[in-house]
Amino acid sequence: MPVVFLFPAAWYYKRVEKIDKIKEKASNLAKKYDLDLLVLFGSQVSGRTHKKSDYDIGFISKHPKGLEEEIRMEFELSEDLRVGKIDLVNLKKASPLLMKSVTDNSILLYQREPTLYARFKIYALKLFIEARRLFDLREVVIQKFILKHSPR
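Numbering (the working numbering), first residue to last: 562 to 713.
No lab work stands behind these hints: they were computed from the structure. In this text the structure is predicted, and so the values were computed from the model without any measurement. Don't be surprised by glycine CBs; every beta carbon is placed ideally from N, CA and C. Careful: at least some of the hints might be erroneous.
As the list claims (entries may be wrong) - Lysine-lysine pairs mimicking DSS-like chemistry, simulated, CA-CA at most 25 Å apart: (1) Lys582 with Lys592; (2) Lys613 with Lys582; (3) Lys579 with Lys623; (4) Lys626 with Lys592.
What the hints assert, rightly or not - Ranges between beta-carbon positions, derived for each pair: (5) His611 with Gln704: 33 to 39 Å; (6) Arg643 with Lys705: 17 to 23 Å; (7) Lys613 with Ser711: 35 to 41 Å; (8) Val702 with Lys612: 37 to 43 Å; (9) Arg699 with Arg643: 37 to 43 Å; (10) Gly645 with Glu691: 34 to 40 Å; (11) Phe706 with Pro625: 35 to 41 Å; (12) Lys582 with Ser711: 51 to 57 Å; (13) Ile668 with Phe636: 17 to 23 Å; (14) Pro675 with Arg643: 26 to 32 Å; (15) Gln704 with Leu628: 37 to 43 Å; (16) Asp615 with Gln704: 33 to 39 Å; (17) Ile580 with Lys612: 16 to 22 Å.
Please work from the sequences and hints to get the whole structure.
See the structure below:
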């Protein structure tokens with residue numbers, strides 16, 4: 562028998578309204594700064610938030626963005642959404658582990674082309690699989706170091 566989770570309707574609709582508001586503001590920002598993709602990820606998507614939770618928003622742009630422009634975008638989003646802290650992440654510079662985390666738990670806010678979000682997910686998974694051997698090797702090296710230097 563399938564398990565069914567029931568959520569209070571008010572909570573669900575409030576969350577949907579919040580996401581819709583974020584999508585609208587994100588779409589405006591994406592067009593203003595010539596962005597290709599914007600996604601919401603992290604605690605705001607998983608639902609594990611607290612009073613000081615930030616909003617993690619990842620972006621992809623064809624054209625490189627300087628630090629000053631990224632700060633301006635972050636500030637503008639924070640002001641538009643009236644939220645405390647936004648952590649804006651350039652997904653082109655993200656590690657394979659972070660990219661995989663984003664693909665596992667994110668909400669699409671804006672995409673310039675219809676398949677861009679799907680292509681990003683495929684690319685992120687490919688990078689993660691390629692890097693997995695390095696993660697495994699690092700684990701072996703750490704275990705050897707611990708065994709060698711631990712008191713007996």
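(request) Go ahead and decide if the range 33 to 39 Å is satisfied by the Cβ distance of Asp615 to Gln704. (result) holds (34 Å)
(message) Assuming the hint says 33 to 39 Å, is it satisfied by the Cβ distance from His611 to Gln704 or not?
(response) holds (34 Å)
(message) Just to be careful, I want the Cα atoms of Lys626 and Lys592 compared with a cutoff of 25 Å; is the pair within it?
(response) holds (14 Å)
(message) Tell me if the beta carbons of Ile580 and Lys612 are separated by a distance inside 16 to 22 Å.
(response) holds (19 Å)
(request) Go ahead and decide if the range 37 to 43 Å is satisfied by the Cβ distance of Val702 to Lys612. (result) 40 Å Cβ-Cβ, so the 37 to 43 Å window holds.
(request) Can you let me know if the beta-carbon spacing of Arg699 and Arg643 is within 37 to 43 Å? (result) Distance hint for Arg699, Arg643 holds at roughly 42 Å.
(request) Using the Cβ atoms, figure out if Pro675 sits within 26 to 32 Å of Arg643. (result) holds (30 Å)
(request) For Gln704 and Leu628, compare the CB-CB distance with the range 37 to 43 Å and indicate the outcome. (result) holds (38 Å)
(request) Assess, step by step, whether the Cα of Lys582 is no farther than 25 Å from the Cα of Lys592, and give holds or violated. (result) holds (16 Å)
(message) Need the status of pair Lys579, Lys623: alpha-carbon distance at most 25 Å?
(response) violated (28 Å)
(request) Mind checking the hinted window 17 to 23 Å against the Cβ distance between Arg643 and Lys705? (result) Since the Cβ atoms of Arg643 and Lys705 sit about 51 Å apart, the hinted range of 17 to 23 Å is violated.
(request) Could you check the hint for me, namely that Ile668 and Phe636 are 17 to 23 Å apart, CB to CB? (result) At 22 Å between Cβs, range holds.
Hint violations for this structure: numbers 3 and 6, all remaining hints satisfied.
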